[in-house]
Structure formats: structure tokens, C-alpha cells
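Chains as they are written, first to last, in the working numbering: chain A, 3 to 375; chain B, 229 to 814; chain C, 6 to 465.
Just so you know, these hints were derived from the structure itself, not from any lab. Treat each hint with caution, since some may be false.
As the list claims (entries may be wrong) - Mimicking DSS-like on lysine-lysine, the simulated pairs with C-alpha atoms at most 27 Å apart in a straight line are:
(1) B/Lys-585 - A/Lys-75
(2) C/Lys-351 - A/Lys-373
(3) C/Lys-354 - B/Lys-696
(4) C/Lys-224 - B/Lys-436
(5) B/Lys-644 - B/Lys-633
(6) B/Lys-565 - C/Lys-167
(7) C/Lys-102 - B/Lys-696
(8) B/Lys-643 - C/Lys-155
(9) B/Lys-644 - C/Lys-180
(10) A/Lys-372 - C/Lys-102
(11) C/Lys-180 - B/Lys-696
(12) B/Lys-543 - A/Lys-85
(13) C/Lys-71 - B/Lys-433
(14) C/Lys-132 - B/Lys-436
(15) B/Lys-678 - A/Lys-49
(16) C/Lys-132 - A/Lys-372
(17) C/Lys-273 - B/Lys-633
(18) A/Lys-75 - B/Lys-597
(19) C/Lys-71 - B/Lys-696
(20) A/Lys-271 - C/Lys-351
(21) C/Lys-351 - B/Lys-565
(22) B/Lys-696 - C/Lys-273
(23) C/Lys-131 - A/Lys-373
(24) A/Lys-272 - A/Lys-286
(25) C/Lys-155 - B/Lys-698
(26) A/Lys-21 - C/Lys-131
(27) C/Lys-131 - B/Lys-644
(28) C/Lys-71 - B/Lys-698
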Amino acid sequence: MKAEQTYQPNIKRVGILWKYPEWLIIALLLIFQAFLVGPGGIMCVEKSEEGQCVEEMTRPIAYDPGEMITGEKLKAPLTEGPKGRHWMGTDHLGRDVAAGWLRGLYYSFTLSLIAGIIAILVGLMIGGLAAYYGNRFPINHWSAECIIVALAILISFVVYHQLRFWLPGLGALISFLFFGLFLSFILWRLGSKALKRTGLIAEGRLNLDQMVMTGVELFESIPALLIMLTILSMIQIAFYWQVGILLGIIGWTTAARFARSEGSKLLYKKYIRDLQRLGLSDLKILWKYILPSILPSLGVVFSYSIAAFILAESFLSFLGIGLPGEFSSWGRMLNDARRFPQSWWLGLFPVLGIFLLVWAYHRLARQLEKKST
Amino acid sequence: MRRISAILFLTLLLSLNYSCRHSPSSEVTQGQITVNLKSAPDKLNPYMTTNAYASIVNRLLHPSLLEFHPKTLELQGYLATSLPGQQLIDTGRLNGNYAFNYEIRQEARWDDGTPVTGKDYAFAIKCLYFQDIDAPVWRSYLSFIEQVQVDAQNPKKFSVLTNTTYFKAREMTGVYPLPAHLYDPNGLLDNYSIEEIKNPEFYAKNVKPNNVLMAWAEEMNSPLRTRRPEGLHGCGPYRLADWTSDGRIILKKKDNWWGDALYEKNDLFAAFPQEIVYEITEDPNTIYNQMSEELVDVVSNLDPALFDRTQNELKDEFQTFTPLSTQYYYFSFNMLKAPLDDVRVRKALSQLVDRDKIIALLFGDQAQKIVGPILPTKPYYNKDLKPYAMNVDAAISLLEEAGWKDTNGNGIRDKKLYGENVELSLDLLVASESSVFQDAAAIWRESAEKAGVDLQPVAMEFSAMRQKLKNRDFDIFGLAAGLELGLDDLYQQWHTNNIETGGNRAGFGNEESDALIEKIRSDISQKERNEAYLAIQEILHKQQPFAFLCTPKSRIVVHRRYGNAFSSSKYPGFFEHHYRITNELN
Amino acid sequence: MNSIKAGTGSTWRLIVFTLFKLWLAGSICFILSRSTPGDPLEQYLGYPAENRYIAENAQWEQELQKYRAAYHLDRPLFYFSIQFRYPDFIAQLPSDKIQHHLRHFFYSYRNEAQLKAYYNQLLQLKKHISGLDNRSTRNILESKWSDILKSHDVESSQQEMKALIAQVNARTEKKFNPISWEKNTGSAWAYLWPQLQWHGFNNQYHHWMTDALTGKWGKSLRDGEPITSKIFPALGWTLSINLPALLLALFVGVFSGLRAGMRPHSGKFSRYLSLVFFALPVYALATLLILFFTKSGWLPVFSSVVRPPSEITVLDFWRYFTLPVLCLTAGVWAFIHQQLSTQVEKTRKAPYVSAAYFRGVPDSVVKWKYIFPNSIFPLITSLTILLPGLLAGALAVEFIFDIPGMGKLLYDSLLGKDWPVVFMLIFLNMGIIILVNSLADLLYLKYDPRREQLQYKQVI
């Protein structure tokens with residue numbers, strides 16, 4: 003009886019994998035990519051106790067992603083190369099497409115996951131704040147004003163103090179921040195009546211909701227390309243995941259919009275208001291009641307935004323400004339492929355890769371959507 | 229019903245596509261030639277631009293006094309009757325310096341038929357020194373010109389007085405006259421001499437406060453004088469007929485152009501096409517598509533892969549040329565900094581560059597290896613020197629000799645420097661705009677790894693990279709530089725005077741090389757100069773401040789209907805005004 | 006959607022709010038533009054070629070400085086800057102590099118007397134080294150000297166200094182002694198308090214703001230053309246690709262979406278197609294299509310021939326625009342199809358639709374009079390979301406087909422640091438977004454009666 007009970011869910015789990023064949027493929031490829039591609043195309047099967055390799059074996063994909071071989075330009079898929087078979091052919095610089103493709107999958111997958119997590123965290127925080135505190139954040143008391151201003155000055159001072167040597171350009175940014183702060187403080191004191199009319203401040207309350215939405219709108223109206231190019235020109239990309247972090251920082255607005263709209267819908271549900279009247283703390287309400295109820299739809303947004311980040315990364319690399327040249331990227335491969343229409347494999351495999359990943363995330367999102375409604 | 233309408237719609241779409249596949253040759257009118265430019269020119273005033281694409285158009289609008297003949301590569305008079313006489317000034321302030329006596333051809337005329345005179349040359353030099361005209365780069369180039377004296381009897385004769393005995397001054401004074409009567413109809417500049425305008429104090433006191441002059445300068449800078457057909461005048465064979473924004477530039481041949489009469493004697497004055505259209509397309513694939521539809525006749529620097537394809541697939545329509553271009557690619561070492569201050573390390577690294585692989589993969593085999601900063605077709609190019617070949621063993625032994633050994637077993641060589649263990653790990657700056665350099669860096673890195681050298685390619689925007697080079701804040705960088713058709717002046721890039729701030733970023737130089745460079749710049753016979761050139765190339769080869777890579781060949785494609793098409797090393801490599809339709813294919 | 010609410014005074018508020026947002030966005034872009042390294046002026050005036058003769062190196066720098074002054078680039082960035090207090094003599098030093106270097110020492114030890122001694126020693130060393138006879142040793146030592154200044158780390162630069170002094174001492178008679186630093190523990194926090202420096206109105210931000218407010222939008226840095234003469238042709242190109250794509254997608258999408266929503270089982274093909282297009286980005290699709298058509302060679306539709314849009318004939322349009330337009334259409338169609346079909350499916354199950362069927366209202370009437378109008382509202386909002394994106398540039402399509410539209414203009418200007426053009430494009434983009442958002446609100450208010458109920462009052 004007990005055995006049956008534990009056995010039952012296992013079938014379900016395996017079944018889930020069969021229901022999502024694209025995820026099965028991705029998972030297998032990711033798991034085995036360390037085995038398939040590696041330095042020198044050779045893998046150690048057995049090691050002696052001193053760490054010396056006793057038995058070596060040629061990997062299925064016997065080439066490094068960046069390895070250029072002079073005589074192996076534009077070979078069709080499945081042709082034999084000097085070290086092993088080119089499963090997906092080679093490109094115009096004699097690089098093995100399969101090795102680059104697999105590495106591209108790895109970069110694309112991890113990078114978009116990082117970007118997605120960052121975006122959802124930032125977005126959830128900002129959007130959630132906007133929804134929950136909406137326009138009920140009282141700053142009509144003088145002490146609140148002072149605390150806000152002092153905190154802001156302290157934070158920007160500390161940040162500036164830490165960064166002033168490494169990023170001199172940031173000094174300007176900080177002084178701008180100061181300026182904005184002082185300006186808004188003076189405006190607040192002098193013209194709160196006028197401000198009330200703009201909707202930023204309602205009846206002695208700071209309209210956080212309005213402010214956040216203005217910020218979101220502003221952020222969306224500045225071309226992401228500008229932000230990306232500016233940041234990329236200030237820092238050097240040494241690791242692929244740095245691009246993921248950048249994408250996440252740029253792409254948080256969708257999640258914030260979602261969190262705000264979903265959150266404010268929830269807040270007008272009667273039970274939440276009842277809970278508030280009962281005197282539960284805000285944190286407890288957020289954690290125990292609100293978060294679980296938006297989790298499924300959060301998953302939907304998460305999957306969709308990861309798919310969007312995959313597309314964004316490959317498009318930026320397509321334009322030549324995303325991942326630096328030493329990292330294999332589907333977008334870059336696709337851009338190179340445009341010059342070689344005779345070599346169909348150069349274009350087809352990256353497109354298939356992008357399609358596979360994006361399709362997988364979209365399907366996941368759709369399934370979650372069905373479940374949540 | 230809906231399905232039918234959808235089908236109808238689709239068939240309509242397809243049929244329209246088929247019906248409009250008109251024959252390509254119908255678009256080519258007799259006497260029109262279409263040339264591809266990769267990027268739009270910025271300004272069509274020869275002094276106000278350093279843009280390579282603007283100079284292609286400018287050479288047909290604003291010819292200069294002296295030109296290199298595209299076939300013989302010999303310096304000849306174009307607007308001038310011949311090369312100028314050179315004489316030493318023996319009186320006055322400029323005593324001991326050169327003066328050059330020019331005579332402009334009797335036939336030479338502007339758009340409106342007025343003859344080109346010495347006054348126009350003087351006007352051009354005045355414009356150049358006029359501080360509020362945007363010509364800073366040319367102003368620094370020609371800062372040695374002090375006076376222009378026009379002959380009172382013959383306005384076509386004039387002499388250019390300089391403050392230098394610089395060996396290239398003659399070649400450099402042969403620049404472009406501008407139409408004084410059209411660009412300055414009120415004679416505003418007639419009241420001032422070149423010396424006065426050049427004098428900063430006089431300029432600040434008398435010129436700058438003059439609003440009329442400032443308005444005139446503003447007009448000279450404006451698109452009217454640099455980009456609009458109605459305001460642009462020259463004495464070349466063509467005039468600007470139309471310029472659509474980021475679209476196409478159309479030049480039309482002038483009726484009764486004065487050079488037609490001279491063509492019999494000298495084919496420098498060839499101008500066959502009645503109309504030249506510059507099509508601005510950047511994307512190599514689009515260019516190739518345009519070629520296969522025969523919408524473009526001349527393309528230069530075609531993508532190596534597409535050049536190969538042209539030779540295979542479009543060989544019936546297009547002829548291809550591969551003249552050496554006037555530029556070379558190099559990786560520069562920072563000689564001022566350890567560990568690259570050691571010549572053995574530089575030589576070892578240079579031997580780790582697989583030049584053959586780079587040429588084969590990145591240039592489609594269309595490049596030539598070089599040993600120094602001199603065009604390989606020059607008589608004084610040092611043919612005895614052999615470019616460093618890829619040799620990992622030799623590199624390893626050089627590194628060992630220099631004391632670089634892998635003591636900690638991490639695969640990277642190290643050495644004790646200033647009492648500390650330093651790994652042989654170097655940053656390699658390349659411009660993120662250049663895929664060639666990024667790929668070349670990857671190839672280098674791969675082979676350096678075999679010798680235990682850790683090269684880290686760092687791709688950054690060119691302007692940011694330039695800033696770093698300016699501060700000498702680099703280990704190695706990769707760039708392309710220009711080569712000269714005339715005599716080479718190595719001062720700017722190789723003299724020790726320019727290590728601190730100038731163009732000598734590698735920090736190369738010793739007494740011997742400085743003496744040689746100064747000797748080349750002085751007034752000596754060509755034979756002696758050639759010997760000095762050979763000697764300095766040898767020093768450069770031994771010292772390896774640069775890992776010289778190669779001079780690429782310009783990959784030029786011209787339609788077969790232009791039977792007399794040719795190409796040469798002179799920039800841009802193609803000469804569309806010389807091309808004539810000799811055999812109609814279609 | 007929050008920017009306006011129906012009611013009195015909303016126009017006034019909209020204007021104030023829009024201006025406020027424009028100011029903020031502009032200022033952010035200004036800061037971003039000034040934070041990027043590299044000097045656009047230098048780039049556009051042209052670099053002097055390395056192998057050409059220039060009489061004096063300094064002359065080019067002077068020229069550049071003049072132009073920087075003309076564009077106010079030599080001014081401080083903002084009305085004020087915040088500096089950290091440090092000994093006066095550091096501030097008066099000519100070189101930023103030395104200032105920077107000494108500041109590090111100052112923050113570590115805060116010992117002004119020793120700092121002065123250290124600075125003097127640096128100067129003496131430099132003077133001594135440049136007096137050396139042997140050129141190569143001189144070069145090496147000089148570079149080591151300047152390496153010390155580059156270091157941000159106090160410890161390591163002390164080490165380097167020691168090494169340098171040892172080398173200098175070994176070669177010459179004059180002997181130097183490295184300074185042994187002592188920490189001054191007295192006034193630790195007084196020095197850390199920042200100092201506000203007022204720069205007055207003659208600063209970059211002020212000039213930029215006044216120029217923007219007085220309508221001096223400037224010229225393109227690249228070629229001196231007024232900005233409008235760059236933007237209008239580009240806008241023409243973008244519209245001539247995007248409008249047909251949008252109309253086509255709407256036309257096909259409405260029919261296919263309705264059909265799929267009405268009969269979910271027979272609409273499987275279009276559903277999957279839309280999902281495929283959803284997952285296939287425009288640039289991938291375009292690249293695949295180009296590869297396919299180039300290879301097969303039977304549709305010469307993809308090479309763009311650049312002519313002003315006004316000169317394009319209908320034939321030209323079909324010939325060159327079919328592929329870009331189709332590529333754009335695919336994505337938009339997939340979006341419209343999905344939105345509409347799910348909405349129709351929902352509306353179809355609504356009681357009033359069933360009631361209509363039972364009453365015997367003809368199928369086509371139910372479909373067009375009952376279901377369609379009630380399913381179109383989400384589409385209206387989503388279209389208004391799509392519109393600015395479409396206008397600001399189908400960058401991918403413009404990039405691949407080499408069409409000089411708005412997206413390409415923005416991309417090229419961004420890469421080329423042609424800031425006046427970039428600012429104008431951003432403001433245009435913002436304007437369109439704001440306009441379209443308010444349009445969406447108005448449409449929603451006007452056509453969807455349900456919005457009244459959705460609109461919640463400030464309850465909490």
C-alpha cells in the first residue's frame with residue numbers, strides 16, 4: 003500500500019517530461035554539454051591517483067567552440083574533419099558549428115535565467131511596493147520628510163564615496179541625484195498644492211503608485227539600446243553572465259507592471275481588507291496571502307520574460323553589441339550566416355536553437371496560464 | 229468565400245512579384261555608372277573632411293593641383309601644368325625655406341567658365357586658416373604655408389612660400405583651389421592677407437568681432453556649401469546634381485568640360501560616364517544582391533566571402549581586381565612596459581602570430597605579408613627581410629632565454645619582476661567595430677596558449693580605445709594604419725620625440741633610428757634616402773615594436789561591360805571616371 | 006493608463022505631467038550621453054593620420070580644445086559638483102593623474118606633511134630620470150614612473166616606488182630614500198565630509214537645457230545637416246514598411262482570429278502557425294527567408310534599392326518591400342490572432358450570445374454584431390502598445406534589409422555618438438508613447454462600458 007503511494011507520483015513526474023519533449027531535449031543537451039564539448043576535444047576517462055590521465059577518449063564533438071581550422075571552411079554537416087565528425091558542419095572561419103551551437107545554448111539558457119530572476123525580483127519589489135503602498139504612504143508629517151531626505155543623502159553619499167575613484171562619470175550622476183532631491187524637497191514645501199494637481203501627491207500623501215508608474219514609463223521610453231551601449235562602454239564584459247545582469251536591470255519593467263496590476267487587483271479583494279482590519283502585519287499579509295496567490299501568474303510572467311531575454315540577447319549579439327566575440331552566441335552565428343546562403347546549416351541551426359528555447363518557455367507559460375485560470 | 233479571397237490575395241501578391249521582374253539592363257542607361265559606397269560622405273569640401281568616402285566623391289568635384297596618376301602612380305600636375313619648381317627663399321623672414329612656383333593650366337575653368345587662378349588657391353589657403361571654418365585637421369597638416377604670391381602679369385602663376393625645408397612640402401602644397409568669386413562674391417577675404425588671418429592675435433582682434441565675416445564662415449560650414457548642389461562649385465569634371473538624404477549621390481558630367489581637350493595627351497583627364505551614381509549601401513549581403521541584379525557596377529572592399537562568390541557565381545557579369553591597398557594591419561606592443569620592453573618577448577610573440585592563417589581565413593587569401601610600414605611595391609621596400617613565420621618552438625626558446633618559465637605549473641609562464649612573481653598575461657586591445665581584429669586576436673590567443681602566454685583580447689569601442697592609447701595605457705593593441713604612395717615620413721610614428729604625446733605609441737626608438745628618420749626627412753638624394761629606408765626597416769624588423777601582419781588587397785569588382793576597367797593601389801583602387809562601356813553584354 | 010483619468014482638469018494635468026516626464030527623460034539621456042567614454046567631436050572632426058606630417062603635436066590639441074569650448078564641452082557637467090576635501094595643494098596640481106594618485110595616499114594616511122614630501126620626491130625622481138643619458142633606460146624608468154601614478158592601490162604603488170628608487174639609486178650617484186608612511190589618526194572624519202562646489206550657470210547641463218528650451222535642437226554632428234532633414238526621410242521609410250504590415254496583419258488577423266475563436270478545432274493550423282511566429286523572432290525569420298530566397302533565386306524581392314519613398318512606384322514597392330513587410334506582418338499577425346481568438350472564445354460562451362442563438366438570430370449577425378464588437382477591446386489597447394514600437398523602428402527588419410528608417414537612424418546615431426539626433430529621436434519616441442497611451446485611454450473610456458465598473462476608487 004505504501005509502496006504504491008510513493009510510486010504513483012513518480013509516473014506523474016516521468017509523464018511530465020514526456021509531455022514536454024522540448025524540455026527533455028534542452029535538459030539532456032545541457033547536462034551532456036560538458037561531456038560533448040571540451041578543451042582539446044579530448045576527455046579523460048580514467049585518472050590515476052596522481053591525477054595523470056590513463057585513458058583518453060575523443061569527445062563526440064571533438065572541437066573547441068572557438069577553434070579555427072584553415073582547411074575546414076564551410077564544410078557541410080556530417081563531414082569528417084581532422085579530429086572528428088562535424089555534426090553541424092563548419093563556418094567560414096573553420097569553426098565547428100555544433101560546438102559553438104551547444105556552447106551558445108548554454109550561454110543563452112543561463113544568461114536568460116539570470117536576467118529573468120533579476121528582472122522578476124526587481125520588478126516584484128518595485129511593482130509590489132507601488133501596489134501595496136499605493137497612495138497611502140503618509141509623508142504629511144515633517145519628521146517623515148526629514149527622514150526621507152536624510153536617508154537619500156546618506157545612501158547617495160555612501161555610494162559615491164565607494165565609487166568615486168572607479169567611475170568618475172558617476173559623480174555627475176550623484177550630484178544630479180542630490181539636485182533632484184533638493185529640488186523636489188523645495189517644490190514639495192513650496193508648491194505642494196500645485197503638485198497635488200499633477201497627481202504625484204494626493205492629499206498629503208506621497209502617491210508611490212503614480213511615481214513608480216512614471217518611472218516605469220520613463221524607463222521604457224529611453225531606448226534600451228542607449229542604456230545598454232552606455233553601460234557596455236563603461237564596463238568590460240569578462241563573463242557571459244554580466245550580460246544577463248545587464249539585461250535584467252534593463253528589462254524589469256514588465257514584471258513591475260504585472261506585479262502592480264495583479265497586486266492592486268488582489269488588494270481590493272475583500273479578504274485582504276478584512277485581514278488588514280484584523281490587524282495582521284503588512285509583511286505577513288504579503289508573505290502568507292498575497293505571494294502564494296500570485297505565484298502561478300508570476301510563473302507565467304517569469305517564463306515569458308525569460309523568452310524575451312533570450313530574444314533580446316540574441317538580437318543584441320546579432321547586431322554585434324551583446325556578448326563579446328569570444329563567447330559563442332546564436333545571434334552572432336546568425337548574423338555571420340547571412341553572407342553564406344549556400345551554407346544553409348549556418349543559418350538553420352541557430353534559428354532552430356532560438357526557436358527551441360523560446361518555444362519551450364512559451365509552452366511552459368501557456369500551461370501555467372491554463373492552470374492559473 | 230474567405231478562403232477564396234485569401235487565395236486570390238496570395239496569387240495577386242505573387243503575380244505582381246513575377247510581373248515586375250524586369251530585365252536588369254533596362255535600368256542601365258548609356259553613360260551611367262553606379263558605384264557602391266559603404267557609408268555616406270559627410271561634407272563635400274575637401275578641407276572640411278577626413279572621411280574616406282567623402283574623398284572618393286571629392287576627387288571628381290575638386291581636383292587638386294597635383295595628382296598621382298592612377299596607372300603609373302607617378303605624381304603629376306593636374307590643375308598645375310607640371311610639378312612646381314622648388315627654390316630657396318633668400319630674403320626676409322622666411323629666409324632659407326622653400327618656395328614653390330606653380331602655374332595653373334590655361335584650360336582650367338570653374339563651373340561658370342571663369343578661369344582657375346592663383347587667387348583661388350590663395351583663397352583656399354585663407355579659408356583653411358580661417359579659425360571659424362571647420363577644417364582643423366587640414367589646418368594642422370598645412371600649417372607650414374606662410375604666403376601665396378600671385379604673379380601680377382599672369383594670374384595663373386603663383387608661388388607658395390613656406391616656413392620649412394620639409395622634404396614632402398612640395399607634394400603637400402599641391403592641394404585644392406576653391407572658387408573665390410563664387411564662395412566669397414563680396415571679396416570679404418580680399419582685405420586680409422594669409423599672414424594676418426594666420427596670426428591668432430590679429431584674428432581675435434580684427435576678424436572674430438566682424439559679424440559679416442562670421443556669417444560668411446557660418447555659410448561656408450553650412451550644408452549649402454558642403455552638401456547642396458546649388459551651393460557647391462568645383463573645377464572637376466563632374467558637378468553634384470542631386471543628393472538624397474542617406475540615399476544616393478548623383479554626379480553629372482559638365483558640358484564642355486575643359487579636361488576633354490587634354491585627354492588626348494594625358495589620360496589623367498579621362499571622364500567618360502555622363503552620370504555617376506553613388507549608391508550608399510553598407511550591408512554586404514544587400515550589396516551582393518544588388519550586384520546579382522546588376523544594379524551596381526563598381527564595388528570595392530567587398531566582403532572576402534562574397535568576393536569569392538562573385539568570382540564563382542557572377543564571373544560572367546563582373547571582373548575582379550585585387551590591387552594592394554594603401555594600408556596595413558599590425559599589433560603594436562608597448563615597449564615602455566615590462567614584459568614587452570624585452571625584445572625577446574616581442575619577437576617570441578610575433579612568432580606566435582599565425583599570419584598565414586589570418587590571411588587565409590580573415591582576408592580570403594587576399595593580402596600580402598609585410599615587414600615594415602612601407603608599401604611592398606615601393607623600390608625601397610626591404611625585400612631581404614622575411615616576415616616572422618609561425619614558430620612555436622622558436623618562441624618558446626626565446627621566452628625561456630628571457631627567463632620566462634612556468635614555475636607554478638598553471639600553464640602560464642612567469643618570472644620574478646621587481647621581487648614579485650609576474651605571470652606572462654597580457655591584455656590585447658581591439659576595436660569592437662572590427663570583426664577582423666577580433667578574429668585575428670582569437671587566432672593569436674590560441675597559438676600563444678601553446679607557448680604558455682596568456683593573451684586576453686579586450687574588445688572596446690574605437691573612441692574609448694583611442695583614449696587608452698593616448699594615455700599609453702595598454703599592453704598590446706591591434707589597428708590598421710595608412711601607407712603612402714609618395715615618400716614615407718616615419719617621424720610621426722617612429723621618432724622618440726613622439727613617445728610622450730605623439731603617434732609613437734609603441735615607444736620605439738634609439739639614437740640610430742632617430743638619426744635615420746631625420747636623415748630621410750632632410751634634403752638628400754633619393755639613393756641615400758633609399759638606403760636609409762632599408763636600414764630603418766631592418767631596425768624595425770629586429771626590434772619588432774609592431775607585429776606587422778599584412779597589407780590587404782582591395783577586393784574590387786567592376787562590371788564586365790566596362791572593358792577598359794583597371795585598378796591600382798591609389799585610393800580608392802577603382803577609377804569610375806576612367807571606365808567606358810566597351811562591350812554591351814545584354 | 007494612469008496618466009490621465011476622465012474628468013475636469015485632466016488636460017492641464019496631462020500637459021504638466023508630460024513636460025515633467027520629458028524633462029526627466031531628457032536629463033537621464035543627457036547624463037547617459039555624457040557618461041560614455043570617447044569624444045564625439047574628435048571623432049567627427051577627424052583624426053589626423055598617423056603617417057602625415059604635423060608641424061607641432063600641440064597644435065591639433067589646441068584645435069580640439071577650441072571646438073570643445075564652442076560646444077561647451079570644457080565646462081563642468083552640472084551646476085555644482087561634490088568634492089571631497091583634501092589638502093589645497095593637491096587641487097592646484099596640473100595633472101589629474103597625479104591628483105588622483107595623491108588622493109589615494111591622502112585617504113590612507115591623511116598625513117599632509119608626508120604627502121607633500123612624497124610629491125616632491127616624485128617630481129625630483131622624474132627630473133632625475135629625464136636627465137639620464139642612456140635613452141633606453143630613461144624610457145623604461147620613465148614608464149615605470151608613470152606606472153606608479155596609474156596605480157589605485159597604495160600598498161602596491163609603495164612597492165613600485167621602492168623598486169624604482171632602487172633602480173635609480175643603482176644607476177646614479179644621487180641617492181633617494183623611500184618615504185615610510187605614518188598614519189595620522191587625528192582628524193579622521195573631518196576630511197571625509199564632502200565639499201560642495203558651485204559652478205554657476207555656465208555649465209554643460211544648463212547650456213543643453215537652454216538650447217533645448219529655446220528650440221536650438223542643433224545640427225547633426227556628423228555632417229552638419231539640420232536634424233529634421235534626417236528624421237523626416239527616415240520616418241517616411243519606416244511608415245512605408247510599417248503601415249502596410251500593420252494593415253495586412255489587421256486584415257488577416259481579424260478574419261483568422263474570429264474564425265479560430267468561433268471554431269477552435271478547425272483553427273488548429275492557424276493557432277500553431279501563430280505560436281510558431283510568436284517564438285520566431287523577426288530577425289531570425291528574415292534571415293531564413295533571405296537565405297532561402299537567395300538560394301532558390303526565384304524571388305528577387307529582398308534587395309532594397311534606396312530611393313526616396315516619394316519616388317517609389319507601386320511596382321517597386323512590390324518588388325522590394327514584400328519580404329520586409331511580410332516579415333514584420335508575421336509577428337504582428339500572430340499577436341493579433343492570439344489576442345482575438347482567445348477573446349472570441351471567451352465571448353462566445355457568454356450568456357447573451359447563447360441567448361441570441363436561441364432567439365434564432367442568424368449566425369453571421371451574431372458573429373459580427375454580438376461577438377466581434379465585444380472581443381475587440383483588448384485588441385485596441387494591445388495595438389496602441391504595438392504602435393510606438395512599430396514607429397520607433399522595426400530595427401531588425403531595417404537592419405537586415407538595409408532600409409534607412411527610424412530604427413536604423415537611431416542605431417547609427419547611437420553608435421556614432423551623434424547626440425543631437427539621438428535626443429530628438431528619443432523625444433519623438435516619448436511623445437508618440439504618451440500620445441498613444443492617452444489615445445488608448447480615451448478609446449477605452451469611450452467604447453468599453455465595462456471600464457466604469459473596473460475603475461476602482463481609492464479605497465484603502
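Each hint, compared with the structure:
1. B/Lys-585 - A/Lys-75: Holds: B/Lys-585 and A/Lys-75 sit about 12 Å apart, inside 27 Å.
2. C/Lys-351 - A/Lys-373: Holds, at roughly 16 Å.
3. C/Lys-354 - B/Lys-696: Between C/Lys-354 and B/Lys-696 the Cα gap is close to 67 Å, so the pair fails against 27 Å, i.e. violated.
4. C/Lys-224 - B/Lys-436: holds (22 Å)
5. B/Lys-644 - B/Lys-633: Holds. B/Lys-644 to B/Lys-633 sits at ~10 Å (cutoff 27 Å).
6. B/Lys-565 - C/Lys-167: This hinted pair holds, its Cα atoms lying about 17 Å apart.
7. C/Lys-102 - B/Lys-696: holds (13 Å)
8. B/Lys-643 - C/Lys-155: holds (22 Å)
9. B/Lys-644 - C/Lys-180: Holds - the C-alpha atoms of C/Lys-180 and B/Lys-644 are around 24 Å apart, at most 27 Å.
10. A/Lys-372 - C/Lys-102: The hint is violated at about 61 Å.
11. C/Lys-180 - B/Lys-696: Distance ~34 Å between C/Lys-180 and B/Lys-696 Cα, so the pair is violated.
12. B/Lys-543 - A/Lys-85: Distance ~35 Å between B/Lys-543 and A/Lys-85 Cα, so the pair is violated.
13. C/Lys-71 - B/Lys-433: holds (17 Å)
14. C/Lys-132 - B/Lys-436: Roughly 41 Å separates the two Cα atoms, so the pair is violated.
15. B/Lys-678 - A/Lys-49: holds (23 Å)
16. C/Lys-132 - A/Lys-372: Status violated; Cα separation ~78 Å.
17. C/Lys-273 - B/Lys-633: violated (68 Å)
18. A/Lys-75 - B/Lys-597: Distance ~22 Å between A/Lys-75 and B/Lys-597 Cα, so the pair holds.
19. C/Lys-71 - B/Lys-696: It holds: about 22 Å lies between the C-alpha atoms, which stays within 27 Å.
20. A/Lys-271 - C/Lys-351: With Cα atoms ~23 Å apart, A/Lys-271 and C/Lys-351 stay inside 27 Å; holds.
21. C/Lys-351 - B/Lys-565: violated (72 Å)
22. B/Lys-696 - C/Lys-273: The hint is violated at about 59 Å.
23. C/Lys-131 - A/Lys-373: violated (74 Å)
24. A/Lys-272 - A/Lys-286: Given pair A/Lys-272, A/Lys-286 holds - Cα atoms ~17 Å apart, limit 27 Å.
25. C/Lys-155 - B/Lys-698: Distance of about 14 Å is within 27 Å: holds.
26. A/Lys-21 - C/Lys-131: violated (74 Å)
27. C/Lys-131 - B/Lys-644: holds (25 Å)
28. C/Lys-71 - B/Lys-698: holds (19 Å)
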